[in-house]
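Q: Just so you know, the sequences run in chain order A and B.
Take 118 as the starting number for the first sequence in my numbering and just add one per residue.
Take 19 as the starting number for the second sequence in my numbering and just add one per residue.
Calculated directly from the structure, the hints in this document are not laboratory data.
Ideal Cβ placement from N, Cα and C applies to all residues, glycine included.
Treat the hints loosely; a few may be bogus.
Here's a subset of chain A near chain B, in silico, CB distances under 8 Å, partners left out [to be verified]:
#1 His148
#2 Ile151
#3 Arg193
#4 Glu260
For lysine-lysine, the following DSS-like pairs were computed, each having C-alpha atoms within a straight-line distance of at most 30 Å [said to hold, decoys possible]:
#5 B:Lys40 x A:Lys249
#6 B:Lys96 x B:Lys111
#7 B:Lys40 x A:Lys256
#8 B:Lys96 x A:Lys249
#9 B:Lys34 x A:Lys256
#10 A:Lys274 x A:Lys315
#11 A:Lys246 x B:Lys111
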Amino acid sequence: MMEQSALFEYVLRMSDDSLILAQRLGEWCGHGPILEEDIALTNISLDLIGQAISLYDLAADLEGKGRNHDQLAYMRYEQEYKNVLLVEQPNGDFAMTMLRQFFFDAFRLPLYEALMQSPVEQLAAIAAKSVKETRYHLKHSSEWVIRMGDGTDESHKRAQDAIDHLWRYTHELFYVDAIDHALLADGKIPNMETIQAKWMTTVTSILQEATLEIPKNNWKFEGGREGRHSEHMGYLLADLQYMQRAYPNMEW
Amino acid sequence: MSTIEWPLWEVFIRSKQGLNHKHVGSLRAPDATLALENARDVYTRRSEGISIWVVESAHIHATDIDDAASFFEPSDTKIYRHPTFYEVPDGVKHM
Chain A
118 MMEQSALFEY VLRMSDDSLI LAQRLGEWCG HGPILEEDIA LTNISLDLIG
168 QAISLYDLAA DLEGKGRNHD QLAYMRYEQE YKNVLLVEQP NGDFAMTMLR
218 QFFFDAFRLP LYEALMQSPV EQLAAIAAKS VKETRYHLKH SSEWVIRMGD
268 GTDESHKRAQ DAIDHLWRYT HELFYVDAID HALLADGKIP NMETIQAKWM
318 TTVTSILQEA TLEIPKNNWK FEGGREGRHS EHMGYLLADL QYMQRAYPNM
368 EW
Chain B
19 MSTIEWPLWE VFIRSKQGLN HKHVGSLRAP DATLALENAR DVYTRRSEGI
69 SIWVVESAHI HATDIDDAAS FFEPSDTKIY RHPTFYEVPD GVKHM
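Work out the full structure, taking the sequences as your base and the hints as a guide.
A: Right, dumping it as structure tokens:
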């Protein structure tokens, strides 16, 4: 595979993770459990959209077919989105949303930290800018996981239920295929096993503090990285893409 | 569902230019750590600050509005407490 197109795919996967999770968080706008948290969730959503724009711009450059970030974000079909299944899962209750966020943040932070060393300059620059935002996201989601887990019986149960449900989607965060192998061999991207080890350390220590348990069940779901999505993705895209599909190339 | 409200917190922010933390508003949070995070999200979205204080509103003691007459009015008539009350004699230098 041409290295340029491998890098395009790699960056696209990251952009899609950011965009789809941002869309999910945006659904909380006006519906947050309290006003302060409503603003916090939409702040995180906007950070992720900002990261997605930078990553889509880079992807568009690498692709060199004249597409811009809006076309990449809004004008592709479901199978062309390469985000992990975790980020497209429905918001559920606040515990489900926060655990999904926590699992993702704990993955994104070590990834960005490592990508800051990448010889691909634009990618290293995006990572350096995003790492500060992501550090805050992880702090925020960790604080909530600890408080829900170590809170009331009700909050503990909801947090544990969310973990039990979402755990099956966490393995895919560390998915690697020929694209990753090619880029890793060239020293362009970090080794995913290192990222996974850091993720596991964070998750283990926070869940322990929260008195929550890692499920014994090791059932794994994947497919997102290859464009095979869960049944929720189509509905999400219908919302996400409506304006650009109805009014192509609109801006405001 | 619980109907217990989280405590109210007063938020003080020091801007890039300002020396003092200034009161900017209040918010609800279950504890100090989350109060700081909420304050960051609610009050510093547009680079308003470089330092945040939060204080549980219950810990603030305030003057009673009904006491305003006895607390504050007496000073209105004591113009000699302002330096402008005093005339500087012509011969005084270095003032």
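Q: Check the structure against each numbered hint from earlier and tell me which ones fail, lowest number first.
A: 1, 3, 8 and 11
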